[in-house]
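*Asks:* From first to last, the protein sequence lines stand for chains A and B.
The opening residue of the first sequence carries number 100 in the working numbering; numbering runs sequentially from there.
The opening residue of the second sequence carries number 789 in the working numbering; numbering runs sequentially from there.
Worth flagging that the hints you see were computed from the coordinates, not collected in a lab.
There may be inaccurate statements among the hints.
With beta-carbon atoms standing in for the labels, derived distance ranges [to be verified]:
no., chain 1, residue 1, chain 2, residue 2, range
1, B, D814, A, A254, 53 to 61 angstroms
2, A, T113, B, T914, 25 to 33 angstroms
3, B, R864, A, T140, 29 to 37 angstroms
4, A, Q135, B, R905, 54 to 62 angstroms
5, B, S802, A, A254, 39 to 47 angstroms
6, A, S141, B, D870, 13 to 21 angstroms
7, B, D958, A, W155, 53 to 61 angstroms
8, A, R253, B, R798, 54 to 62 angstroms
9, B, P946, A, H238, 14 to 22 angstroms
10, B, P862, A, H238, 45 to 53 angstroms
Beta carbons: idealized from backbone N, C-alpha and C, even for Gly.
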Amino acid sequence: MRIFDPHIHMSSRTTDDYEAMYAAGVRAVVEPAFWQGQPRTSPESFYDYFDALLGWEPYRAAQFGIQHFCTIALNPKEANDPRCTPVLDELDRYLAKDRVVAVGEIGYDSMTPEEDEALARQLQLALDHGLPALVHTPHRDKAAGTKRTLDVVRASGIDPALVVLDHLNELTAGMVLDSGCWAGFSIYPRTKMSEDRMVGILKDVGTERILVNSAADWGRSDPLKTRRTADAMAAAGFTEQDVDQVMWRNPVDFYGQSGRLELDSTLDEPRPDDRSSFQGNSIRRGGA
Amino acid sequence: MTVIVPADPRPALSAVLDASARAWTDEATAAIAADASAIRRLFPAARRRCGHSRLNEHWTVDEAARAVLLTALPLRGQALADEVAALHRHGDPAEQRAVLRTLPLLDLGELALPLVREALRGNDTTLIEAALGPYAARHLPDPEYRQAVLKCVFCEIPLDRVHGLGTRADRELARMLADFAHERIAAGRDVPHDIRPVVRAFPDVIGEALEHAFDEEEVA
């Protein structure tokens, strides 16, 4: 089974996670730029973070046979801090880079005017760069927030086929799919969505334009939730083709719209060699 | 001091680019000439637009394409240095190599030395090598140039890739390399061969023990 996790924050995870993910079938991931649990207080912190998403993390992932791509954005939460918003002026530089396959995570957290501004500007950047957009939906007041997000997406003029709304549930999936956007689901150990509920949704809406992710980060989360959902699908009678569509072909199709998803078909086993490094630094211990 | 400046990459580059890559490069160059800030989104895209194979001894295709974009900047002096420094700051290693290799083609005086110094502080041997081109050979002060050569020896960067060594090697550098060789010999470790011409050019820094060790190795 091959799995593409379309939303996972690997910078927060360990090398053990990479090993377990590979063993579970994960061969590619997209890491969206997000906040880090503790707020950043200056644009420079973002630039170092973006540089790591484009440099150190793809190197780390490759050591475990996993191909790593990212999305770049000022996230909704930190869009409210005027100390961070100058990041918006430099995003052009990062959205032009080879391994950036979407603008994201953008969207609403508390639905403030500052978030309105950041969302509109970044949807415009997606249009300028010909990139898809990964849009987070708010955890609080989700249904109203999702509806408002869809209004802003429509107003921006971006093709809905280039947009995924993420962290959806039973109440928000229908309106997103009706809009022509893609529907993303984050499978969490306790909150957001479980693998069994996910299977129920797939039975209702089918497997088209659906992305399933673990959204694993520094919080209580599980980078193997994609595999567990795949197993739950199989147990519920979905065919191998259905599972492959949701777990591999859909994310490839969605991010492939960037024209920058260069999947290396030869990279099908971990290549942890004892000499490779990124900028002279390595994941080995006792060495550089 | 004679410092070899790399040739204009344009002829070699346009010989290998296909029609669409050449058109992209021409449009990008024109856009940058009209508005310098356009380079911020064009410079990172050059690799996927033009390719990244080796072009010649000095350039890969992406480095040469980026050099063409950099030399199109309609800026001078501090404004040019600031734009180039920001591209370097926000660049990945390949973009940083391109900036460093292009420095001799830009009229920057000493304004780009901070970029050279940043590369020399790091551990990326490809960046260190790119930093030690004709620009560093011309502008890096003596003590820093000597330290950079010594770092290359430690990082196992062949010294024939360091520009300006023929004219900039001095007695102090020879003394430092001779001391390094002593340390290695005392530890029973190999001494890289390429330090010898520098050391030998200043015979008074070679002690008897080192002379003996060099002779023995040369016989062996």
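*Asks:* Next step is simple, just say for each hint if it's right about the structure.
*Replies:* The hints, checked one at a time:
1. In this structure the hint that D814 of chain B and A254 of chain A lie 53 to 61 angstroms apart at CB is violated, the actual value being about 36 angstroms.
2. At about 28 angstroms, the CB distance of T113 of chain A to T914 of chain B agrees with the hint of 25 to 33 angstroms.
3. Under the hint 29 to 37 angstroms, the C-beta atoms of R864 of chain B and T140 of chain A, about 35 angstroms apart, fit the expected range.
4. At roughly 30 angstroms, the beta carbons of Q135 of chain A and R905 of chain B sit outside the given window of 54 to 62 angstroms.
5. A hinted range of 39 to 47 angstroms for the beta carbons of S802 of chain B and A254 of chain A is consistent with their spacing of about 44 angstroms.
6. Remark: the range hint 13 to 21 angstroms for S141 of chain A to D870 of chain B is upheld by a beta-carbon distance near 19 angstroms.
7. About 38 angstroms separates the C-beta atoms of D958 of chain B and W155 of chain A, a value inconsistent with the hinted range of 53 to 61 angstroms.
8. Remark: the range hint 54 to 62 angstroms for R253 of chain A to R798 of chain B is contradicted by a beta-carbon distance near 46 angstroms.
9. As the Cβ distance of P946 of chain B to H238 of chain A is approximately 56 angstroms, the hint placing it in 14 to 22 angstroms is violated.
10. At about 48 angstroms, the CB distance of P862 of chain B to H238 of chain A agrees with the hint of 45 to 53 angstroms.
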